[in-house]
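2 protein chains.
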Amino acid sequence: MNITQPTLLIDSSKVRMNIRNMKQKADRHHVLLRPHFKTHQNLEVAEIFRKEGIEKITVSSITMAKQMAEAGWTDITVAFPFNMREIEDLNQFNPAIHINLLVDSMLQVRFLNKHLRQNHVVFIEIDTGYHRTGLQVNDPEIAGMLLEIASSTVLQMGGFLTHAGQTYQARGKNETLEIMEESREQLVRLKQRFQRYHPGFILSYGDTPSCSMSEDFRDFDEIRPGNFVYYDVMQYHLGACSLSEIAVVVACPVVSVMKTRSEMAIYGGAVHLSKEYIAADDGFKLFGYVVRLNQAFGWTETIPGAYVYQLSQEHGLIKMPEKELALFQPGDLAGILPIHSCLTANLLKNKTVLL
Amino acid sequence: MNITQPTLLIDSSKVRMNIRNMKQKADRHHVLLRPHFKTHQNLEVAEIFRKEGIEKITVSSITMAKQMAEAGWTDITVAFPFNMREIEDLNQFNPAIHINLLVDSMLQVRFLNKHLRQNHVVFIEIDTGYHRTGLQVNDPEIAGMLLEIASSTVLQMGGFLTHAGQTYQARGKNETLEIMEESREQLVRLKQRFQRYHPGFILSYGDTPSCSMSEDFRDFDEIRPGNFVYYDVMQYHLGACSLSEIAVVVACPVVSVMKTRSEMAIYGGAVHLSKEYIAADDGFKLFGYVVRLNQAFGWTETIPGAYVYQLSQEHGLIKMPEKELALFQPGDLAGILPIHSCLTANLLKNKTVLL
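Chains A and B supply the protein sequences, listed in that same order.
Per my numbering, the first sequence starts with residue 66, numbered consecutively.
Per my numbering, the second sequence starts with residue 66, numbered consecutively.
It should be emphasised that the hints constitute simulated quantities derived from the structure, not laboratory data.
Virtual Cβ for every residue (Gly too), placed ideally from N, Cα, C.
Treat the hints loosely; a few may be bogus.
As the list claims (entries may be wrong) - Taking lysine-lysine pairs in the DSS-like style, the calculated list, with each CA pair at most 25 Å apart, reads:
| hint | chain 1 | residue 1 | chain 2 | residue 2 |
| --- | --- | --- | --- | --- |
| 1 | B | Lys416 | A | Lys416 |
| 2 | B | Lys131 | A | Lys416 |
| 3 | A | Lys384 | A | Lys350 |
To be verified - Quick partial rundown of chain A residues pointing at chain B, CB under 8 Å, derived from the structure:
| hint | residue |
| --- | --- |
| 4 | Leu172 |
| 5 | Thr367 |
| 6 | Ser377 |
Use the sequences and the hints to build the structure in full.
This is the structure:
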């Protein structure tokens, strides 16, 4: 294999292990693992999920749902507030595919009631503290939406769904688990309040950090982590994975070595890695760790003291201790562990090698 | 036209005006405008450049050079340190296409001498203060490289090239023009030192902020701004353009309106806009300004007090004054002026409408 451009290398055995660990955890706790496929958007990786026993999945757009439906997935939750402008695309799905929708307003429910040409399950999104989308647990609109859904001929109440994305701001495991606990309490309150009028709905909980750290999934019926399939430097910093569990690396050609600055430049920039970074207190920005690639494109531990510290459109700049830098010259490949694998995998969708 | 997903709208008359202004400025100052096509990577926009009299262009990768060569462009500078791993791709170009290469080490020159199967012009990249790639003006390697190029049967010295990207950190016009002045002085020193031994080479200067602000291009033979074709919020903040000169907007479906928070959520996230932002002193991050779109997809002035302040993979969150927010509901479109149009245009390459 001749790598000439920035390329996402996927270690399939790490992927399999990450999936297996999460699946075993879900089985142990009797919750359904409905993994989020937005991280990889990759049909080969999807097949690894299938072999590990996954049948139901999550995506974040109608477009992704379409791709996965074409690849044979038949139970797909679109965990994004339903975009009314895509009603025609939704109506064109094969009715044999179960598309579960997410709503967070009465307006959407009424719109679906009016325009849907086939039956769908809907989940009501609850904002348990992330403050992105979703209704507050005590929002009076919820009861009205439930009634509207109950009287609908095309909609069926699936349950309450939350993404506790605030775990990405948590400092450490305890804070992460507290966030999970707060989310649980809120969802449970909804269940207690509404289940006797609308029996049979479920509670669906998301996010990789807490699903990776927790061993307490009581009250949840399904979990929807996504990033865990690859993990990344951000998850490592959050304490959700070890560095060796990170299953992807971006192979980047070295194009320039600046010995006087103890730096090198790679072909690998914002259009390959994304501009996501981790900020240090002193203003330093970390855009990725650096590893050495072997002949088989496996990779080493991270090189101590080596960091991607700046990205422009196509260039990446790496600081590296002198004696490590001496081992690189233009024409070599360097491996970059990405900060946020979802964004990197999206950018390199068409430049991917499954190892 | 029915916009259902995040879509890059390009205002062709603004594009034409931006090109015309820069071309007229270049003509006035007797420098060649060799615009950087990395910003748009769009064949329709490329045709507007052609109609405005542009024949020679800049790109940032061999891949882009290939695309533009296929679209009929015959004089292309790849303003990225030559990536030795792409030598085969380079050798496959039609010899009728002039591909100018960039080098910043003797290693690359020797490699090209050995492996090139056709003639190419090379530029030596000079680091005049940006500290990304390129040689320092006083680097002894430059003289050796010039000799190596002079004695080569396949290489011809094109000139010295710099990208003064540090203008993106400048505070105001004076600082920007000072940076340009420092770059000029360094390039001129090289010209004075080497032109009698290696006559005929040129000085090539880049970056949109200084080319937009300056009226002094003496000593330069060509300029390579790119971003000016679209401009963006970053250029506006730098003082390089007005808001009304920004030629692109991302049309995003509104999916959720949170009145209690005076916010709304759009389908439009990091995979559409990129995570580039402008930081305010108080820690606030600006990911884009908001405009209203009219029936013909033209757009208004920015809505006062409305900002994209958070992006996740597919979601964008907008803060907006109550009375402005009252005019939006799920299913509407909002327009986002991007922070960094190069990255946004790259992400939405396949979701573009030229108006």
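Worksheet item: Which numbered conditions among the earlier hints are violated in the structure presented, ordered from lowest to highest?
Response: 5
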